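*Asks:* In case you want the letters, here they are:
There are 2 protein chains.
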Amino acid sequence: MVNPYQNLPEAVTIVEVGPRDGWQNLPEFIPTEQKIILVNALSACGFAEIEVSSFVNPRAIPQLRDANQVFAGIDRVPGTVYSALVPNQRGLQQALAAGVDKIAFFISASETHNQENIGQSIAETMADIEALLKMVSASLRIRVSVSNVFGCPYEGKVPIARVAGLLEKIIAWGVEEITLCDTWGVATPGQIFSLLQYLDDQDIKSDFGLHLHDSSGRALAGVIAGLQWGITRFDTALGGLGGCPFAPGAAGNLATEDLVFCLEEMGIKTGISQDLLLQAANMLEKNVDHLASHMIPFLRGCQSS
Amino acid sequence: MVNPYQNLPEAVTIVEVGPRDGWQNLPEFIPTEQKIILVNALSACGFAEIEVSSFVNPRAIPQLRDANQVFAGIDRVPGTVYSALVPNQRGLQQALAAGVDKIAFFISASETHNQENIGQSIAETMADIEALLKMVSASLRIRVSVSNVFGCPYEGKVPIARVAGLLEKIIAWGVEEITLCDTWGVATPGQIFSLLQYLDDQDIKSDFGLHLHDSSGRALAGVIAGLQWGITRFDTALGGLGGCPFAPGAAGNLATEDLVFCLEEMGIKTGISQDLLLQAANMLEKNVDHLASHMIPFLRGCQSS
Numbered sequence: 043m044v045n046p047y048q049n050l051p052e053a054v055t056i057v058e059v060g061p062r063d064g065w066q067n068l069p070e071f072i073p074t075e076q077k078i079i080l081v082n083a084l085s086a087c088g089f090a091e092i093e094v095s096s097f098v099n100p101r102a103i104p105q106l107r108d109a110n111q112v113f114a115g116i117d118r119v120p121g122t123v124y125s126a127l128v129p130n131q132r133g134l135q136q137a138l139a140a141g142v143d144k145i146a147f148f149i150s151a152s153e154t155h156n157q158e159n160i161g162q163s164i165a166e167t168m169a170d171i172e173a174l175l176k177m178v179s180a181s182l183r184i185r186v187s188v189s190n191v192f193g194c195p196y197e198g199k200v201p202i203a204r205v206a207g208l209l210e211k212i213i214a215w216g217v218e219e220i221t222l223c224d225t226w227g228v229a230t231p232g233q234i235f236s237l238l239q240y241l242d243d244q245d246i247k248s249d250f251g252l253h254l255h256d257s258s259g260r261a262l263a264g265v266i267a268g269l270q271w272g273i274t275r276f277d278t279a280l281g282g283l284g285g286c287p288f289a290p291g292a293a294g295n296l297a298t299e300d301l302v303f304c305l306e307e308m309g310i311k312t313g314i315s316q317d318l319l320l321q322a323a324n325m326l327e328k329n330v331d332h333l334a335s336h337m338i339p340f341l342r343g344c345q346s347s
Numbered sequence: 043m044v045n046p047y048q049n050l051p052e053a054v055t056i057v058e059v060g061p062r063d064g065w066q067n068l069p070e071f072i073p074t075e076q077k078i079i080l081v082n083a084l085s086a087c088g089f090a091e092i093e094v095s096s097f098v099n100p101r102a103i104p105q106l107r108d109a110n111q112v113f114a115g116i117d118r119v120p121g122t123v124y125s126a127l128v129p130n131q132r133g134l135q136q137a138l139a140a141g142v143d144k145i146a147f148f149i150s151a152s153e154t155h156n157q158e159n160i161g162q163s164i165a166e167t168m169a170d171i172e173a174l175l176k177m178v179s180a181s182l183r184i185r186v187s188v189s190n191v192f193g194c195p196y197e198g199k200v201p202i203a204r205v206a207g208l209l210e211k212i213i214a215w216g217v218e219e220i221t222l223c224d225t226w227g228v229a230t231p232g233q234i235f236s237l238l239q240y241l242d243d244q245d246i247k248s249d250f251g252l253h254l255h256d257s258s259g260r261a262l263a264g265v266i267a268g269l270q271w272g273i274t275r276f277d278t279a280l281g282g283l284g285g286c287p288f289a290p291g292a293a294g295n296l297a298t299e300d301l302v303f304c305l306e307e308m309g310i311k312t313g314i315s316q317d318l319l320l321q322a323a324n325m326l327e328k329n330v331d332h333l334a335s336h337m338i339p340f341l342r343g344c345q346s347s
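Residue numbers (this note's numbering), protein chains in the order written: chain A, 43 to 347; chain B, 43 to 347.
A hint or two may mislead.
[As the list claims (entries may be wrong)] On the chain A side, residues computed to face chain B include the following (Cβ under 10 Å): (1) Ala261; (2) Ala263; (3) Pro290; (4) Met308.
[Stated by the list, open to error] Under the rule of at most 20 Å between Cα atoms (straight-line distance), these lysine to any residue pairs were calculated in the SDA-like manner: (5) A:Lys199 <-> B:Cys344; (6) A:Lys144 <-> A:Thr55; (7) B:Lys247 <-> A:Val44; (8) B:Lys199 <-> A:Gln345; (9) A:Lys247 <-> B:Asn45; (10) B:Lys199 <-> A:Gly343; (11) A:Lys199 <-> B:Glu307; (12) B:Lys211 <-> B:Ala173; (13) B:Lys199 <-> A:Leu341; (14) B:Lys247 <-> B:Arg183; (15) B:Lys144 <-> B:Thr55; (16) B:Lys311 <-> B:Gly88; (17) A:Lys199 <-> B:Ile310; (18) B:Lys176 <-> B:Asn130; (19) A:Lys199 <-> B:Gly343; (20) B:Lys328 <-> B:Gly343.
Hints listed in this document are in silico derivations from the structure and should not be mistaken for laboratory results.
Keep in mind the model is a prediction, meaning the values are calculated, not measured.
Beta carbons: idealized from backbone N, C-alpha and C, even for Gly.
Between the sequences and the hints, there should be enough to build the whole structure, so can you do that?
*Replies:* What follows is the structure, encoded as structure tokens:
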């Protein structure tokens with residue numbers, strides 16, 4: 043029998059999305075100074091990329107209204123890419139002025155969720171992203187994140203052909219990095235592998251990453267399925283924070299520490315210091331009510347014995 | 043590329059161990075009458091087996107001191123096996139008097155954990171189990187659960203050769219059903235697949251099941267690895283309750299509802315009614331402080347939208 047845990051990729055890139063996706067839904071505002079301290083603590087861990095904030099309407103996501111100040115205040119570590127989400131031209135201008143290293147555009151594969159999240163049809167958002175891409179220098183790093191590719195709280199199953207159609211267009215624009223997001227947190231590992239295989243069969247190829255929420259407790263198993271396919275870029279959030287305000291039932295992202303500890307034990311290099319990551323998680327815990335982490339209570343339980 | 047999520051087993055047996063492993067560590071005593079109601083609610087779900095209690099020293103595990111009354115009080119559904127853990131001759135006699143359908147003996151693959159858990163060396167416990175097996179009728183259903191096969195809070199990694207040596211002896215006694223337990227909750231999916239492959243390479247064959255705790259958030263991924271090997275019997279606990287009093291840091295079992303919902307979505311039959319399972323979980327929640335379930339808060343989040 044073929045061992046599906048042999049010949050996995052030797053190393054992965056973990057994109058820390060906590061400061062953006064993890065915090066955007068928190069009820070209490072994390073003071074800007076604390077945000078800066080926390081992002082600096084994450085920088086020290088060795089992440090290749092940190093999603094620092096979103097340049098969105100501050101009325102829609104009040105937590106991230108200080109994106110400008112956070113970008114201005116953080117110490118940038120060479121080798122780490124500091125990215126931000128951008129929904130429109132105004133956000134793009136602010137992000138460029140803030141010196142963001144990489145712009146992440148986003149669209150939903152579900153018509154209803156795109157309407158709830160961005161207030162537009164998929165076609166309108168696609169046209170906007172296409173126009174925005176023409177405004178930026180060819181050297182600027184770009185990612186497009188496609189949410190709800192594995193299911194939608196409003197529409198249920200999302201047709202795979204619709205996902206494929208969106209991806210084809212985004213690839214045709216010249217975008218090289220696309221993240222497939224399970225915003226609702228319902229994908230099974232088998233579903234993830236099948237989607238990746240389907241896209242490959244359809245000759246839809248890109249630098250795909252996975253962004254999995256852990257609402258149903260399946261996110262780590264989903265990452266493993268992605269690894270088995272050959273995916274090496276995964277979004278996670280420190281402490282497992284997160285949840286989309288427009289995806290009812292959705293819980294937090296896969297906790298960074300849960301993934302890092304598991305992969306390192308499997309011999310897969312993450313490039314992240316486990317000690318510094320726990321230090322950052324302990325700092326974060328002082329600012330938020332509850333971390334959805336397995337490793338932190340586990341390690342504490344071991345120490346207290 | 044071979045799809046490791048195709049050709050998975052079509053059906054699995056889920057052993058509900060909540061009433062035994064899930065509850066044994068709870069600080070508050072669940073009244074016997076409530077236990078009976080909860081076991082009856084589990085019976086209605088369609089489990090092939092429910093681990094109802096342990097016939098152990100009531101001073102060691104006060105929660106399960108009412109094993110006799112629970113067995114006497116429950117309504118037995120045809121097709122469901124009602125099992126119990128037994129550590130010694132006294133427990134065996136009580137279990138047989140209570141009409142237990144299946145006896146589960148247990149031993150740890152870690153010398154230190156066996157000493158902490160049972161107060162004996164591995165060799166002493168092995169000798170005891172061998173003697174007990176000779177006392178029971180050949181028609182009585184038997185399982186032996188071997189704990190800490192993937193790691194130990196006292197000893198760290200447990201040598202695979204020691205695990206293999208124990209299993210060989212147990213199989214030589216004629217025991218046909220053996221459960222490999224990750225009592226500490228640290229096994230990676232790769233480690234699980236590798237152990238199963240190693241045992242097969244060594245020609246150590248049995249009806250193996252997996253009993254995984256979710257301390258590190260890896261239990262569901264571990265079940266998938268077991269399925270990919272061909273394992274079809276998994277222990278889970280309603281609400282993800284549990285944790286061994288003698289395994290510092292260990293958290294609860296994999297939540298039954300998290301596994302059932304995931305496998306059913308993957309087209310793997312569990313034989314369990316998802317509706318009745320959620321009803322049982324809601325009942326359980328009234329008796330305990332906190333369920334470590336993903337599906338219950340997820341489904342509630344979806345309903346409340």
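*Asks:* Give a verdict on every hint.
*Replies:* Going down the list of hints, with the structure as the test:
A least Cβ separation of about 9 Å between A:Ala261 and chain B falls short of the 10 Å threshold, and the interface hint therefore holds. Taking 10 Å as the C-beta cut-off, the interface hint given for A:Ala263 holds, the closest approach to chain B being about 4 Å. Given hint, A:Pro290 at the interface with chain B, holds; its Cβ is 3 Å from that chain's nearest Cβ, closer than 10 Å. Given hint, A:Met308 at the interface with chain B, holds; its Cβ is 5 Å from that chain's nearest Cβ, closer than 10 Å.
Between A:Lys199 and B:Cys344, the direct Cα distance comes to roughly 15 Å. Compliance with the 20 Å bound is thereby established for this hinted pair. Restraint check for A:Lys144 and A:Thr55: satisfied, since their Cα atoms lie roughly 15 Å apart, inside the 20 Å limit. Simply put, B:Lys247 and A:Val44 have alpha-carbon atoms about 18 Å apart, close enough for the 20 Å limit, and the pair holds. About 17 Å separates the Cα atoms of B:Lys199 and A:Gln345, which keeps this hinted pair within 20 Å; it holds.
Our distance criterion of 20 Å between C-alpha atoms is met by A:Lys247 and B:Asn45, whose separation comes to about 18 Å. A threshold of 20 Å between alpha carbons decides the hint, and for B:Lys199 with A:Gly343 the separation of about 18 Å falls inside it, so the pair holds. Restraint check for A:Lys199 and B:Glu307: satisfied, since their Cα atoms lie roughly 12 Å apart, inside the 20 Å limit. With a C-alpha separation of about 13 Å, the suggested pair B:Lys211 and B:Ala173 falls inside the 20 Å cut-off, and the hint holds.
Between B:Lys199 and A:Leu341, the direct Cα distance comes to roughly 16 Å. Compliance with the 20 Å bound is thereby established for this hinted pair. Of the pairs offered as hints, the one joining B:Lys247 and B:Arg183 holds, with about 18 Å between alpha carbons and a cut-off of 20 Å not exceeded. Proximity of B:Lys144 to B:Thr55 is assessed by CA-CA distance (about 15 Å); at most 20 Å being required, the pair is judged to hold. Between the alpha carbons of B:Lys311 and B:Gly88 the distance comes to roughly 12 Å, so the proposed pair stays at or under 20 Å and holds.
A C-alpha spacing of about 18 Å is found between A:Lys199 and B:Ile310, which places the hinted pair at or below 20 Å, so the restraint holds. Straight-line distance between C-alpha atoms of B:Lys176 and B:Asn130 comes to about 13 Å, which keeps the hinted pair within the 20 Å bound. At most 20 Å may separate the alpha-carbon atoms for a hinted pair to count; A:Lys199 and B:Gly343 meet this at roughly 18 Å. As the CA atoms of B:Lys328 and B:Gly343 are separated by approximately 19 Å, the hinted pair is consistent with the 20 Å bound.
Of the numbered hints given earlier, the model fails none.
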